[in-house]
Amino acid sequence: GAGVSQTPSNKVTEKGKYVELRCDPISGHTALYWYRQSLGQGPEFLIYFQGTGAADDSGLPNDRFFAVRPEGSVSTLKIQRTERGDSAVYLCASSLNGGETQYFGPGTRLLVL
Amino acid sequence: DQQVKQNSPSLSVQEGRISILNCDYTNSMFDYFLWYKKYPAEGPTFLISISSIKDKNEDGRFTVFLNKSAKHLSLHIVPSQPGDSAVYFCAASVGTYKYIFGTGTRLKVLA
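Protein chains in written order, with the numbering used here: chain A, 6 to 118; chain B, 79 to 189.
With the rest of the complex left out, here is chain B (with noise of 0.2 angstroms):
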């Protein structure tokens, strides 16, 4: 049972523009929600997060957004750079510290 979906595998936008990635949750307990960006041989790396009494909190070129009542959350990346290209994993919990992830979207951004 996949309480946490990315069900886009990968993505490709042009440098510059913005890119849009997707995440859907089944668990309406969860309360914490980040996203993580892993690159090739390395661990994931933590990117930005939101708790469940916001909708939407902004990191410089990084924005995500929830909406809880269609349980979705998005990562929004203006603009786009080919250094972020990578593995974007969503990730959910209960009280903070057990982490549901998602199956990654591979995102390449295009020169």
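With the rest of the complex left out, here is chain A (with noise of 0.2 angstroms):
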């Protein structure tokens, strides 16, 4: 079956621009997590959802970035006022419930220049 998408894959962009990021989960699963990945680092997790709600976005770095899942299912990571700083490998991943192994998706590498 089809695995977790993410579109775009590569996004260039410039500082101060708004950006937003899709995922699309794997058919079925409920929760829905977004990591971020930076340069010969691993993965660090930004936010979580069960369903439509945010159960645990304390990875979010600032009030700049903003998720939302309003259907349960497709999730999209926005980003205001970009920065240099922001420049990663955004990582969505999805598992059945929450609490089960998380697949991952390919990843949106963001570049703000």
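Keep in mind that a hint or two might mislead.
[What the hints assert, rightly or not] Below are the DSBU-like pairs computed for lysine-lysine, each with C-alpha atoms no more than 30 angstroms apart in a straight line:
1. B:Lys176 with B:Lys83
2. A:Lys16 with B:Lys115
3. A:Lys16 with A:Lys83
4. A:Lys20 with A:Lys83
5. B:Lys115 with B:Lys132
6. B:Lys176 with A:Lys83
7. B:Lys115 with B:Lys83
8. B:Lys115 with A:Lys83
9. B:Lys115 with B:Lys146
10. A:Lys16 with B:Lys176
11. B:Lys134 with B:Lys149
12. B:Lys83 with B:Lys149
If you're looking for bench data, these hints aren't it; they were derived computationally from the structure.
With the hints in hand, could you dock these two chains into one complex?
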């Protein structure tokens, strides 16, 4: 079956612009996660959704970052007033009900110039 | 504060030999541990996991060992194959959803 998909695969933007990153989880998975991976680092937890609600957003670095999952399936990570330090690979993962193995998408590589 | 550490950034092993990747952690509350493999331009792929109530879990060529007293886990790959060449991340969690990842070890299996 289809795995987790993320679009776009690459995004180049200018400092100060707004970006949206999309994640399509595995069908039927109620839990969805966003991570950020900077160069030379492991993935870093950002936010966890169970259904439509954000169960844990403690990893979001500041209020420029926001994520939604309005229908409990597709999720969008939104970054306002992007900064060069936001450049990273943004990974999305999903799991069946939360608490099981997380399956990752290929990521969106964001470059802020 | 790095709660999960992979102190070896890279490892080279001959094909057919054993690969041993190590991971240390500091948080004694972690109760679930995993290993992921990552190829370039792809997302991490789940490899194997272990609960804190066990000290060993085996799946084919892959075995994970957990030493809770030393706060150490390791991944053994036997025999190593060229297709195993990738970056390996260990991860740990409390309550199984908020994974804390190490910085990864790049494994190169030489043919």
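Results of checking the hints against the structure:
{"no.": "1", "hint": "B:Lys176 with B:Lys83", "in the structure": "holds (16 angstroms)"}
{"no.": "2", "hint": "A:Lys16 with B:Lys115", "in the structure": "holds (24 angstroms)"}
{"no.": "3", "hint": "A:Lys16 with A:Lys83", "in the structure": "holds (13 angstroms)"}
{"no.": "4", "hint": "A:Lys20 with A:Lys83", "in the structure": "holds (15 angstroms)"}
{"no.": "5", "hint": "B:Lys115 with B:Lys132", "in the structure": "holds (22 angstroms)"}
{"no.": "6", "hint": "B:Lys176 with A:Lys83", "in the structure": "holds (20 angstroms)"}
{"no.": "7", "hint": "B:Lys115 with B:Lys83", "in the structure": "holds (16 angstroms)"}
{"no.": "8", "hint": "B:Lys115 with A:Lys83", "in the structure": "holds (28 angstroms)"}
{"no.": "9", "hint": "B:Lys115 with B:Lys146", "in the structure": "holds (23 angstroms)"}
{"no.": "10", "hint": "A:Lys16 with B:Lys176", "in the structure": "holds (26 angstroms)"}
{"no.": "11", "hint": "B:Lys134 with B:Lys149", "in the structure": "holds (14 angstroms)"}
{"no.": "12", "hint": "B:Lys83 with B:Lys149", "in the structure": "holds (11 angstroms)"}
Checked against the numbered hints listed earlier, the structure breaks none of them; every hint is satisfied.
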